[in-house]
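Chains as they are written, first to last, in the working numbering: chain A, 1 to 339; chain X, 1 to 339; chain L, 1 to 339.
It cannot be assumed that every hint is accurate.
Put simply, identical chains are the same to the list, so a pair is met inside one copy or across any two.
Within a straight-line C-alpha distance of at most 20 angstroms, the following computed SDA-like cross-link-like pairs (lysine to any residue) qualify [as the list claims (entries may be wrong)]:
hint: 1; residue 1: 260; residue 2: 196
hint: 2; residue 1: 85; residue 2: 62
hint: 3; residue 1: 24; residue 2: 313
hint: 4; residue 1: 48; residue 2: 108
hint: 5; residue 1: 85; residue 2: 66
hint: 6; residue 1: 85; residue 2: 67
hint: 7; residue 1: 85; residue 2: 64
hint: 8; residue 1: 85; residue 2: 222
hint: 9; residue 1: 238; residue 2: 255
hint: 10; residue 1: 238; residue 2: 97
hint: 11; residue 1: 222; residue 2: 293
hint: 12; residue 1: 238; residue 2: 177
hint: 13; residue 1: 262; residue 2: 227
hint: 14; residue 1: 238; residue 2: 101
hint: 15; residue 1: 267; residue 2: 220
hint: 16; residue 1: 267; residue 2: 287
hint: 17; residue 1: 85; residue 2: 65
hint: 18; residue 1: 203; residue 2: 246
The set of hints was computed from the structure by calculation and includes no laboratory data.
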Amino acid sequence: MRRHSLQLDAEGRLRHLLTIEGLKRQQIVDILDTAESFIGVGDHQMRKVPLLRGKTVVNLFFEASTRTLTTFELAAKRLSADVLKINIDTSATVKGESLLDMLRNLEAMQCDMFVVRHGDSGAAHLIAQHVAPHISVINAGDGRHAHPTQALLDMFTIRRRKGDFAALTVAIVGDIMHSRVARSQIHALTTLGVSEVRVVAPKTLIPSEVESLGVHVYHDMKEGLRGADVVIMLRLQKERMSGAMLPSENEYFQSFGLTKDKLAMAKPDAIVMHPGPINRGVEIDSEIADGPQSVILEQVSNGIAVRMAVMSMVLGRPPIEGGATEGVSDNVPDKRSTP
Amino acid sequence: MRRHSLQLDAEGRLRHLLTIEGLKRQQIVDILDTAESFIGVGDHQMRKVPLLRGKTVVNLFFEASTRTLTTFELAAKRLSADVLKINIDTSATVKGESLLDMLRNLEAMQCDMFVVRHGDSGAAHLIAQHVAPHISVINAGDGRHAHPTQALLDMFTIRRRKGDFAALTVAIVGDIMHSRVARSQIHALTTLGVSEVRVVAPKTLIPSEVESLGVHVYHDMKEGLRGADVVIMLRLQKERMSGAMLPSENEYFQSFGLTKDKLAMAKPDAIVMHPGPINRGVEIDSEIADGPQSVILEQVSNGIAVRMAVMSMVLGRPPIEGGATEGVSDNVPDKRSTP
Amino acid sequence: MRRHSLQLDAEGRLRHLLTIEGLKRQQIVDILDTAESFIGVGDHQMRKVPLLRGKTVVNLFFEASTRTLTTFELAAKRLSADVLKINIDTSATVKGESLLDMLRNLEAMQCDMFVVRHGDSGAAHLIAQHVAPHISVINAGDGRHAHPTQALLDMFTIRRRKGDFAALTVAIVGDIMHSRVARSQIHALTTLGVSEVRVVAPKTLIPSEVESLGVHVYHDMKEGLRGADVVIMLRLQKERMSGAMLPSENEYFQSFGLTKDKLAMAKPDAIVMHPGPINRGVEIDSEIADGPQSVILEQVSNGIAVRMAVMSMVLGRPPIEGGATEGVSDNVPDKRSTP
Numbered sequence: 001m002r003r004h005s006l007q008l009d010a011e012g013r014l015r016h017l018l019t020i021e022g023l024k025r026q027q028i029v030d031i032l033d034t035a036e037s038f039i040g041v042g043d044h045q046m047r048k049v050p051l052l053r054g055k056t057v058v059n060l061f062f063e064a065s066t067r068t069l070t071t072f073e074l075a076a077k078r079l080s081a082d083v084l085k086i087n088i089d090t091s092a093t094v095k096g097e098s099l100l101d102m103l104r105n106l107e108a109m110q111c112d113m114f115v116v117r118h119g120d121s122g123a124a125h126l127i128a129q130h131v132a133p134h135i136s137v138i139n140a141g142d143g144r145h146a147h148p149t150q151a152l153l154d155m156f157t158i159r160r161r162k163g164d165f166a167a168l169t170v171a172i173v174g175d176i177m178h179s180r181v182a183r184s185q186i187h188a189l190t191t192l193g194v195s196e197v198r199v200v201a202p203k204t205l206i207p208s209e210v211e212s213l214g215v216h217v218y219h220d221m222k223e224g225l226r227g228a229d230v231v232i233m234l235r236l237q238k239e240r241m242s243g244a245m246l247p248s249e250n251e252y253f254q255s256f257g258l259t260k261d262k263l264a265m266a267k268p269d270a271i272v273m274h275p276g277p278i279n280r281g282v283e284i285d286s287e288i289a290d291g292p293q294s295v296i297l298e299q300v301s302n303g304i305a306v307r308m309a310v311m312s313m314v315l316g317r318p319p320i321e322g323g324a325t326e327g328v329s330d331n332v333p334d335k336r337s338t339p
Numbered sequence: 001m002r003r004h005s006l007q008l009d010a011e012g013r014l015r016h017l018l019t020i021e022g023l024k025r026q027q028i029v030d031i032l033d034t035a036e037s038f039i040g041v042g043d044h045q046m047r048k049v050p051l052l053r054g055k056t057v058v059n060l061f062f063e064a065s066t067r068t069l070t071t072f073e074l075a076a077k078r079l080s081a082d083v084l085k086i087n088i089d090t091s092a093t094v095k096g097e098s099l100l101d102m103l104r105n106l107e108a109m110q111c112d113m114f115v116v117r118h119g120d121s122g123a124a125h126l127i128a129q130h131v132a133p134h135i136s137v138i139n140a141g142d143g144r145h146a147h148p149t150q151a152l153l154d155m156f157t158i159r160r161r162k163g164d165f166a167a168l169t170v171a172i173v174g175d176i177m178h179s180r181v182a183r184s185q186i187h188a189l190t191t192l193g194v195s196e197v198r199v200v201a202p203k204t205l206i207p208s209e210v211e212s213l214g215v216h217v218y219h220d221m222k223e224g225l226r227g228a229d230v231v232i233m234l235r236l237q238k239e240r241m242s243g244a245m246l247p248s249e250n251e252y253f254q255s256f257g258l259t260k261d262k263l264a265m266a267k268p269d270a271i272v273m274h275p276g277p278i279n280r281g282v283e284i285d286s287e288i289a290d291g292p293q294s295v296i297l298e299q300v301s302n303g304i305a306v307r308m309a310v311m312s313m314v315l316g317r318p319p320i321e322g323g324a325t326e327g328v329s330d331n332v333p334d335k336r337s338t339p
Numbered sequence: 001m002r003r004h005s006l007q008l009d010a011e012g013r014l015r016h017l018l019t020i021e022g023l024k025r026q027q028i029v030d031i032l033d034t035a036e037s038f039i040g041v042g043d044h045q046m047r048k049v050p051l052l053r054g055k056t057v058v059n060l061f062f063e064a065s066t067r068t069l070t071t072f073e074l075a076a077k078r079l080s081a082d083v084l085k086i087n088i089d090t091s092a093t094v095k096g097e098s099l100l101d102m103l104r105n106l107e108a109m110q111c112d113m114f115v116v117r118h119g120d121s122g123a124a125h126l127i128a129q130h131v132a133p134h135i136s137v138i139n140a141g142d143g144r145h146a147h148p149t150q151a152l153l154d155m156f157t158i159r160r161r162k163g164d165f166a167a168l169t170v171a172i173v174g175d176i177m178h179s180r181v182a183r184s185q186i187h188a189l190t191t192l193g194v195s196e197v198r199v200v201a202p203k204t205l206i207p208s209e210v211e212s213l214g215v216h217v218y219h220d221m222k223e224g225l226r227g228a229d230v231v232i233m234l235r236l237q238k239e240r241m242s243g244a245m246l247p248s249e250n251e252y253f254q255s256f257g258l259t260k261d262k263l264a265m266a267k268p269d270a271i272v273m274h275p276g277p278i279n280r281g282v283e284i285d286s287e288i289a290d291g292p293q294s295v296i297l298e299q300v301s302n303g304i305a306v307r308m309a310v311m312s313m314v315l316g317r318p319p320i321e322g323g324a325t326e327g328v329s330d331n332v333p334d335k336r337s338t339p
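Could you put together the complete structure from these sequences and hints?
This is the structure:
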């Protein structure tokens, strides 16, 4: 079984969300459409819906991330789920017996979803391989591999701002090499049929095989941004700086930081995105981050709607051929009985 | 714009609660009346009401305080709000870029209220100056400046016990100099028209300008308590002891600790209050703290009702002139759909 | 007043749950029957019920225990209670003034239940002696004394698997001396009229007075397991190993670890139980822990239902003689108004 097929059930529907890779265009569109239903008319968020009432969502964060943890917690609560935050030894590997026993226990407690963030690539997949049939796993970031909900919220933000994907040129700028965000974005953008995806970075931060993913490589930022509709800045992990891989923060900013000057190369109505948290003056100038082309805070808002969409879709699958799973049949009376 | 006007909207209604200073008498009375509605008949608390269903309250505590944090958390939950507790580096200043970015993110996640506690005077005001229009800020204590919900719950407790404020003599005893509680109480008591407000403390713990607030200063505790209807003891921050400012705990207790002996100077039906947590044998004798005149635990109970009142009032303002805020219009279907 | 009578009200109904000792057979059966009502038809758990809506459950864990804490938190949330987790200095004693003041404050905040876990025997009793009349205390494990909800979920698991208790032979294997679980199990099994209760352990791990509890002592594990219907393995606290009390882990496993070989002495349909978390290869072989006779994960699932039963029973007592307690009268409209 290939990694990405693990996330689909026998009917091809999303059971886990582990990676963008292998998702069909229509599946991504379905997620974006569902997310749209959580954004009310005139941006009045529909705050609280009973879709996951009675369900239990467990946040398993082996890697500290207040922001991402908070958005998953909020998304789950606004779906009326109960939320557990498990304090985990962040040095624990997902292969240890004691962790697997902990997961078995959480399953036995009738938890329904594990949201997993881990510094090791493949951690969420490994957990998904071992969970009971009624559990869904959401990958909230694994090593350098994937961060699918981030990519989906980015697609959602682009679609709301730019409409049709086919006409767009999208430039992703920064540490492509170590970025799970970039990998997931590239898969999403190419699957959605974006006209051109560019990656812009110094040579040391571009993985060797990247062109096989269907992207164009630029080492000069102004060239890379020329005519772009969407500019996605990546967060620079400052710890990379200490190695030989990168020059000083200041030199990096000169070459690859987003400034008014460089942004002028993109289309006048280009939007500027960033997964956050931003390093002001390192990968992006404050004037741009807070400026009229920035949609960085829209991304955060959209992140709630997209995570609500994914969570409700993986737990809300209708039953297959009589063999109703526990989670699904539970859902039906809940939907009826809650106003 | 003066500090205290920041907390009122264009119609003069409470949008934030930052300080008692500047509130009109009727505004304070409205809060107390609303709190009264959360105390059921015969002290049967109305436990859970759907007034803030779908709202998200964020506790931003830069200063550790289990008690105050717990009361805000309980008040929010009993209003059916979702509650987020953000782990904050308590050494962070409210002026740092990273904090402001965090607040922007929480706003983008459609949070509705920040409850702020910080060791720096003015912290809650500073945050209130920067938040989006749909956010309300509640000051849960800032430096030596203000602790308005504490003062309001104290007024509520006094009104329940003593009725009309006009006839009362109230003595506040202890470290007036460093007490945000005392400052807020003095503003509340004078606004409510208390007959006489006294502050009782050694000279080193009385701020020089205090008489301009309309209080009478006493350095002898028996004199200060003579004929009082209400005796409010302040918590002595033990760290003050180490400086030259104060004698030993024992000496302090001899002069300014509340004992049966000293309390006998007040009216026979005087009530004894303390914001907690109490230092038994330092500022108050256990016999008094646990005795029949003590209303210290009533203050704690009343604190929930008063915080429910403030939270529901600042988030429940009806919309002004067609320009419905997001928070308000959301509230309407919630109120209808929840039993 | 004897310790165990503290947990019953004037009508003999459960007010606290502190220990199994002193409970009547019918009281235990009532708890198991109530737990049964929380397990849906065909193991479809009834996930969320409004029985404790508006109630506040406080977890006071002085001893770290993610698993037990999580099951109590889940049980409370599935009963629709609000849950507070208080961060406690685990070195605090339950006798200190500051702790008692904290409890008084939580009572004043209209909390309804304290779930207490502490390293000192008798801690939950001590707290129960001091709480206000509207508070219920649940002992979630105190020193070497008792762990009543664990014993109840074990009884529930045995009854679901084996039916009538009267015909059963039950062997409890391991560190009987230091085990609050074993003590509570022995009281429950004998009260329920189990035919024979055996304890199996090296001499150093058997308390001297144990036979007075009505059990048979075995020092040879194969003899102790011969013909047993139920084999309950205890967790070995590895810190005991360091003392002179025990041989090496390996030697212990040879003599008292549960292996296929030793389990063959029990009845062919014997079930294997363990309170968790298990030490694989110390007290139990992985082959057995994960094998067909193991009901270890069923115990975890049942733990939620049993804790829901206990919580709803102690807080749901109907009022006595007109003097309706606050908690009870609150409950009535909740039951009606929630779908």
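Up to 20 angstroms CA-CA - residue 66 versus residue 85, copy category = The answer is both: 12 angstroms in one copy and 11 angstroms across copies each meet 20 angstroms.
Intra- versus inter-subunit Cα pairing at 20 angstroms for residue 85 with residue 65 = both (13 angstroms within a copy, 14 angstroms between copies)
Same-copy or cross-copy closeness of residue 238 to residue 97 [CA-CA at most 20 angstroms] | between (34 angstroms within a copy, 17 angstroms between copies)
When no copy is named, should residue 24 and residue 313 be tagged within, between, both, or neither for a Cα gap of at most 20 angstroms?
-> Within. Shortest intra-copy distance 15 angstroms satisfies the 20 angstroms Cα cut-off; inter-copy 48 angstroms does not.
Check residue 222 against residue 293 for me: Cα-Cα at most 20 angstroms, and say if that holds within a copy, between copies, both or neither.
-> For residue 222 and residue 293, the Cα distance is within 20 angstroms only inside one copy (17 angstroms; across copies 67 angstroms).
Indicate which option fits the pair residue 48, residue 108 if close means a Cα-Cα distance not exceeding 20 angstroms: within, between, both or neither.
-> between (28 angstroms within a copy, 16 angstroms between copies)
Between the shortest in-copy and the shortest cross-copy C-alpha distance, which are at most 20 angstroms for residue 85 and residue 62: within, between, both, or neither?
-> Close inside one copy (11 angstroms) and across copies (19 angstroms); limit 20 angstroms.
How would you label the pair residue 262, residue 227 (within, between, both, or neither) given a Cα cut-off of 20 angstroms?
-> This pair counts as within: shortest intra-copy Cα distance 11 angstroms, inter-copy 75 angstroms.
20 angstroms Cα cut-off: does residue 238 pair with residue 255 within a copy, between copies, both or neither?
-> Within one copy only: 16 angstroms inside a chain, 55 angstroms across chains, cut-off 20 angstroms.
Can you tell me if residue 85 and residue 222 fall within 20 angstroms by alpha carbon in one copy, between copies, both or neither?
-> Neither: 44 angstroms inside a chain and 43 angstroms across chains, both beyond 20 angstroms.
Are the CA atoms of residue 238 and residue 177 at most 20 angstroms apart within a copy, between copies, both, or neither?
-> Within. Shortest intra-copy distance 14 angstroms satisfies the 20 angstroms Cα cut-off; inter-copy 44 angstroms does not.
Is the C-alpha distance from residue 238 to residue 101 at most 20 angstroms within one copy, between copies, in both cases, or in neither?
-> between (36 angstroms within a copy, 18 angstroms between copies)
When the structure is compared with the earlier hints, violations turn up for hints 1, 8 and for no others.
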